[in-house]
Every structure is written in C-alpha cells, then in structure tokens.
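Keeping the supplied structure of chain U fixed, place chain W upon it in accordance with the hints.
These protein sequence lines are chains U and W, in that order. Sequential numbering from 1 applies to the first sequence in the working numbering. Sequential numbering from 1 applies to the second sequence in the working numbering.
Keep in mind that a hint or two might mislead.
Same chains, same label: a pair holds when it works inside one copy or across any pair of copies.
As the list claims (entries may be wrong) - Taking lysine to aspartate or glutamate pairs in the DMTMM-like style, the calculated list, with each CA pair at most 20 angstroms apart, reads: (1) 116 <-> 43; (2) 116 <-> 63; (3) 123 <-> 87; (4) 55 <-> 10; (5) 123 <-> 78; (6) 116 <-> 5; (7) 55 <-> 87; (8) 123 <-> 63; (9) 55 <-> 114; (10) 123 <-> 40; (11) 123 <-> 80; (12) 55 <-> 119; (13) 55 <-> 36; (14) 123 <-> 62; (15) 123 <-> 21; (16) 55 <-> 78; (17) 116 <-> 78; (18) 116 <-> 80; (19) 116 <-> 6; (20) 116 <-> 62.
To be clear, the hints were calculated from the coordinates, so they are not data collected in a lab. Nothing here was measured: the structure is a model prediction, and the numbers come from that model.
Number of protein chains: 2
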Amino acid sequence: MNWIDEVVFDADGLVPAIAQDGQSGRILMVAWMNREALQETVDTHRAVYWSRSRKRLWRKGEESGNTQQVSAVRLDCDGDVILLTVEQAGGVACHTGRESCFFRELAQADGLAEWKVTDAVLKDPETMYK
Amino acid sequence: MNWIDEVVFDADGLVPAIAQDGQSGRILMVAWMNREALQETVDTHRAVYWSRSRKRLWRKGEESGNTQQVSAVRLDCDGDVILLTVEQAGGVACHTGRESCFFRELAQADGLAEWKVTDAVLKDPETMYK
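Chain U with its partners taken away, still in its complex shape (with noise of 0.2 angstroms):
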C-alpha cells in the first residue's frame, strides 16, 4: 500500500495539517492539504497546503518568503490529521507578521473571559506582502 493511500482525506478531498517549530516546539499554524500539496510537501520537503480561499496550492511563502523547512511528516492514529516538522524561515508563520498564528490566549478572572494577544508583531505585513 502506497503510504499516501493511508490518509485519509475528507468528502473535499482534504486533510488539516499542523505544523510545528522543531526548535521552539511551539504550534506556528494550521492549514489544508490535498493530495497533491501532501505529495509535493513530501517530495521538495517544503510545506505546500490547499488554499481554501483561493481553490489552488499554497507554496507556504511564495509570497511572503516565509517559506517552511519539513524535517518530519507524521500522522495520527485514524489517518485523518498531518503533523509537520518544520523550520519556519523569517520566524514567522502568521500573516499578522507574528511567529504562531495562535497569538490569542484566554483570559479569566473573575468570571470573565477574553482572548488577549500574547505575541508581538515581529514583521510589518505591509513589507510582508509586497
């Protein structure tokens, strides 16, 4: 059984893809793959994903530059999630110019909740994008 056959892709024929800093260990992203993104990611060991928005494939920084580095592809127990290895090139993942685009945490005191952002904006994504 060819290894890719072992995913298992959604009724879109997509998979969510994780990717995490192997220095840090931090989470930088989460995005979607098809088959051929997984096959490319795979073959060149740079991060390419499914943009949803876009309907195309994501070469991850083909335009910001902030490309990803994959040392590791690995899968859960039912087929269904990627997690990857990666060297996030600039340090940062986010769009916002932040490292993770998990920068919200939850806070709560006194009953209350709100997300506050915990990470600084380490690139202009004016610069970023143009």
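This is chain W only, laid out in the frame that chain U set:
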C-alpha cells in the same frame, strides 16, 4: 462580544482542537469541539470534545481515565482552530495506549516512503477501557 462568539465553528457547528502537552510540547491529539464542549472545557479546565462517531459530548478520559487538565486555551488568527495546553493524566492520550496519536512518522529512503511507528505502547488498551 462574548469570547466564544469569536470562535468560527464550521457548517456542522464544530471546530478542531489540538491538545499539546505543556511539559513535552508534544502534540497529543486532534479532536473536535462544538460550542458546548468548548464552553465546558473553559469552565471546568478539563478537555471536553464532541465525538463525531458517537454524536455526543466526550469528556476525555471518562472511560479510560486519561483526562486532560487544561492550562491554556488559544485561538488562531482566523478563529477556526483551538489549541489547548494540557497535562495528560497517565501520560497516554491515544486509544492505542501511546502518549500521542501521532505515533507514525514517514520514513523516506531510496525514493520509497512508508509510515513507521515511532512510539511504544505504554498502557495496554485492553486494560485501559475495561
């Protein structure tokens, strides 16, 4: 705006949730939450998911004892993925008795690729669910 209204649930009312071990930084599992599961997770600091197969709330560890104490809840930039920092009771998150559900890694050599199991079974699933 209520914090939970900033979470983008999909057409089925679900959002994927990643559980990351706060000590090791390892990704333990990915599951789904509906609004009720997320609210209960935040209220109780115990991970509660929505079981798509059983179509009911799944209080992680309710059968196996492998509960997850939640120390942080994060949200990504487009609001459609939750990241939990957890302390995994028993050190086992996967129903196969392994620490992590991501126990397979793609091994590539001589142009061939295959999934290799990299994690030991720490607890016998037979005893875990009886």
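> Which hints, by number, does the structure contradict?
Replying inline: Hint check: 2, 7, 9, 10, 11, 12, 20 fail, others pass.
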